[in-house]
Amino acid sequence: MNFKQELAAILYDLLDQTISAKELELMIEKPKNQELGDLAFPCFTLAKLKRKSPNLIAEELREQINSPIFEKVEVVGAYLNIFLNKKAASEKVIHDIISQKAAYGALTFGNGGAVTIDMSSPNIAKPFSMGHLRSTVIGNSLALIVEKCGYKPIKINHLGDWGTQFGKLITAYQLWGDAEKVKLNPIKELLTLYVKFHKEAESNPTLEDQGRSWFKRLEDGDEQALALWKWFREESLKEFSRIYQLMNVEFDSYAGEAFYNDKMDRVVKLLEEQQLLVESEQAQVVELTEEQLPPCLIKKSDGATLYATRDLAAALYRQEEYQFVQSLYVVGHEQSLHFKQLIAVLGKMGYDWSKQMHHIPFGLMLKDGSKMSTRKGKVVLLEEVLNESIAMARDNIEVKNPNLPNKDDVAKQVGVGAVIFHDLKNNRMNDIEFSLEDMLRFEGETGPYVQYTYARASSILRKANLKVDEGALTYENTWEKEWKVTSLLMEFAPAIKRACKNFDPSQVAKYIIDVAQAFNKYYADVKILEDNAEQQGRLALVYSVTEVLKEGLRLLGLEAPAEM
RNA sequence: GUCUCAGUAGCUCAGUAGGAUAGAGCAACAGUUUCCUAAACUGUAGGUCGGAGGUUCGAAUCCUCUCUGGGACACCA
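Going by our numbering, the letters in the first sequence line up with residues 265 to 828, in that order.
Simulated from the structure, these hints should not be mistaken for laboratory data. Note that the structure is predicted; figures quoted are calculated from it, not measured. Hints should not be assumed to be uniformly reliable.
[Said to hold, decoys possible] Simulated crosslink set (DSS-like; lysine-lysine; CA at most 30 Å straight-line): (1) Lys356 - Lys286; (2) Lys416 - Lys745; (3) Lys494 - Lys533.
All chains should be modelled from the sequences, with the hints used to inform the complete structure.
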């Protein structure tokens, strides 16, 4: 199956079994460019062991290697370069894809273990901003990737539906709010109130106290406070679900912060029993000096709970409810310290499973070089961006493919795809300066580019009226011109595995760009529908490419329109 | 101040557990459509991998120091 393994096994025998096959496999690499070969084995390390020149060792190995899976073996300097048998290898991948279809690339190492994914988690009564986009799309893609690897993902939208902010909001509403206005345009009006609160509070510090006291009343079950809270929450959820629908994201649980209100006493009690809780400046904290972390605040001086308290309760609940083998928190990098503290406290409490918790941080979405802030009203609304992108995709269709039947559907798939892909294609940790222009780019390394490649390939299959023959194992092709594509198709599973192990969807994004680029070059170079002996093989390749692109896009949360 | 993330082409970024001449995409310039969707393809140009030391056969990659920028650092989440 795996050519690296086979080469390692051969080398293992040739080298008198001095180095384990596993280690040899790790030493094998891919040459910088394909003209040099498909696999390479550098002999520097061996040179030290054997006290011989690396070039000589490479030469000796070359003379001894003899395997039908290799087309030729060359030596360049200290490198042993292996060329695979293109015909055998190509026909093998294509056969694998045709028989496995969407299941191609699937892995099983997850063994059905539950993976909870804390993701998206927007704050109630605040607009769904670009900042929440990252957590949502990264979490959604990780869920799909983890599932592809045999885990059972559980997507949890840990809604920000509790906290002092509501005290502030209620205060602001009482002072300046207008029920009619809020009903008409809830989120926008509530945001205005929230921003006003912070502005006024700068010159009037008693507002902060009022906010805190209203939150206390909310926690104590005050009817008036509770009614307002419920109302704000419902209106917000309506708006959020519209956006999730647009992005095709669903959740297994909406248990947000309020859900844990009755589960926090237990945490506090547990901490007290273990004598981990100490008083400090009238507040209750867990000291984390051995862990070299600042203390973790559990209860405020007025007795109200905090973020950490709720997250502790949530962690306990999730372990008990789902028995996760991994628990992921897709939350911005600026909260790294909080998660370090959270995991450390759970470790102190003796929970071994705290080691299975991972904070999946990501860089900030910046506006004008600094963090966006709801308080200052410095936000960009996700829905507006999505709609703009969809409109732009729609315009493109009108120009490039005016006869397309389902223009609106495709525009949505492409427009939303552009935004999601733009977020996922780079390393999570990079900060992103918000740029509508970059985000709505449809050319080059973008979602629409991959989708377009898929649509073109699909179009060929439609024209050829291809019936995929699962029985066919050999073709007339030499697979010379196809080799760049077929050799890439073999890399799908490794890319998925890398993405899963590193919690990094960009591995899949980069991979499908590579496949799309290779295929587009092939497409420009070779007339696929030419009626000759190799046509069947070419069509089988095109089919394989569509399967891999479609599945790759799916793993990122994008759709693959058959025409665009 | 402490911790943390980042610094690679004009811009946005790749570079898979140190390896062969550092790669893409945008933008620029020059081309390709009687031919399977030009949202594509081809070519040109563009680089002291922030800087300085060190480790080694070999460093963008590892270590130390340093500069620049983002972020976090107790009653927000």
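Cross-check of the supplied hints:
1. Lys356 - Lys286: Status holds; Cα separation ~24 Å.
2. Lys416 - Lys745: Roughly 40 Å separates the two Cα atoms, so the pair is violated.
3. Lys494 - Lys533: Between Lys494 and Lys533 the Cα gap is close to 29 Å, so the pair holds against 30 Å.
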